[in-house]
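Model the full structure from these sequences, guided by the hints.
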Amino acid sequence: MTIELNGVSKKYGRDYALNDVNLSLQKGKIYGLLGPNGSGKSTTLKMMAGLVFPNRGEITLHNEKVTRRTAEQVAYLTELDMFYDNFSVAETINYVASQFESFDIRKAEQLLAELKLDPTKKVKQLSKGNRGRLKLVTALARDTDVVLLDEPFSGLDPMVREVTVKSLLRYVDLEQQVIVIATHEINEIESLLDEVIALYYGDIIGQENVEALREEQGLSVLEWFKTIVQEVEERFV
Amino acid sequence: MSQEFQASKPIYMQIVDQIIIDILQGTQKVGDKLWSVREMAVKMGVNPNTIQRAYAELERMGAVETRRGQGTFVINNPELFATIKLDMQREIINRYVIDMKQLGVSSVEMIDQLKAFVEGGEEHDD
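Order-wise, the sequence lines are chains Z and Y.
So the first sequence is residues 2 to 238, counted in our numbering.
So the second sequence is residues 482 to 607, counted in our numbering.
Everything labelled a hint here was simulated from the structure, so no lab data went into it.
In this text the structure is predicted, and so the values were computed from the model without any measurement.
Glycine included, each C-beta is placed from N, C-alpha and C at the ideal position.
Be aware that a few hints might be false.
Cut-off 25 Å, straight-line C-alpha distance, at most; resulting in silico cross-link-like pairs (BS3-like, lysine-lysine) [said to hold, decoys possible]:
(1) Lys514/Y - Lys167/Z
(2) Lys490/Y - Lys227/Z
(3) Lys30/Z - Lys582/Y
(4) Lys490/Y - Lys582/Y
Label pairs and their computed distance ranges (CB to CB) [stated by the list, open to error]:
(5) Tyr577/Y - Gln218/Z: 23 to 31 Å
(6) Asp498/Y - Glu163/Z: 19 to 27 Å
(7) Ser155/Z - Glu572/Y: 36 to 44 Å
(8) Ala213/Z - Tyr577/Y: 23 to 31 Å
(9) Gly552/Y - Arg107/Z: 36 to 44 Å
(10) Ala563/Y - Thr121/Z: 57 to 65 Å
(11) Ala537/Y - Asn23/Z: 29 to 37 Å
(12) Arg107/Z - Asp498/Y: 37 to 45 Å
Simulated coverage check for chain Y against chain Z, where a stretch passes if three residues somewhere in it have a Cβ under 8 Å from a Cβ of chain Z [said to hold, decoys possible]:
(13) 524–531
(14) 553–566
So, in structure tokens, the structure goes:
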């Protein structure tokens, strides 16, 4: 599986969310899409998921143009709260399962048990941390080649975060999948990533291998990110 | 995350160091199997590719061997682990000396202080 973005631009009104972006993502890797709020991370993921379409350029999954049809091959975790409050946890799982052929209900049940989510509880009774876990279950229980996670750990306390990271690591299949995690919390996820892509207000300002950064430049991802953002900002002064 | 990593050193090398320390301390027994890549990734909260790379490095060093279909095993190689232990000690001493010199402490003072510290039983875990 590969994801390609060729000359992709997306405008909301007059503003560019993404401006002429080129990207190539390969299976077997976990990518971090990093950038401040409003830098175009969510737009990029939504376009890969086929939920938003570019004004210019082309996005392909395995050489096939992204459409609503390719969405079956993409598990996408939105940063938004997207559940029906009156559904129970089990009903939520069944609902998502009815929408996607690639949903593996046994995997979902394992994940619920692992994350200690009570299937009989109503969504509205869940704490924020548990809603976050439920979202992760609905994304990870799908057998898709592409997994896109938009801010999967934001707002979760450190304990819950650790549990969800472990579930993610337990269920990813890097032989088959490409994983993209968009986040502005860089330090927290550095050890999960193979590669980092830095977005800055619609532009890709850098892409590096995490271990190569440390080995060749002695920099953590956060240090690297600060350095390149500073370089970009100085160019505009 | 489960584990904190230093910024300046590749994560896979820090995992290699940790496993070597576990072997030296005996918490990871010689001849025994290491955790699978997946288990180790989950335990440490680290990308499986990084664990794979750490295991490959341990294999290159001659500390472990991969047996087809069985997993990765710690090799019974006392000379190698003795050498690695000495190397690690040298690295720690080197860092200590550099830090002390930066503070302007002379070699004689350094040794005296270290001696007094160890003999005075002033060791702390933190």
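Exercise. Taking the numbered hints from earlier one at a time, note which ones the structure violates and give those numbers from smallest to largest.
Key: 3, 9 and 14
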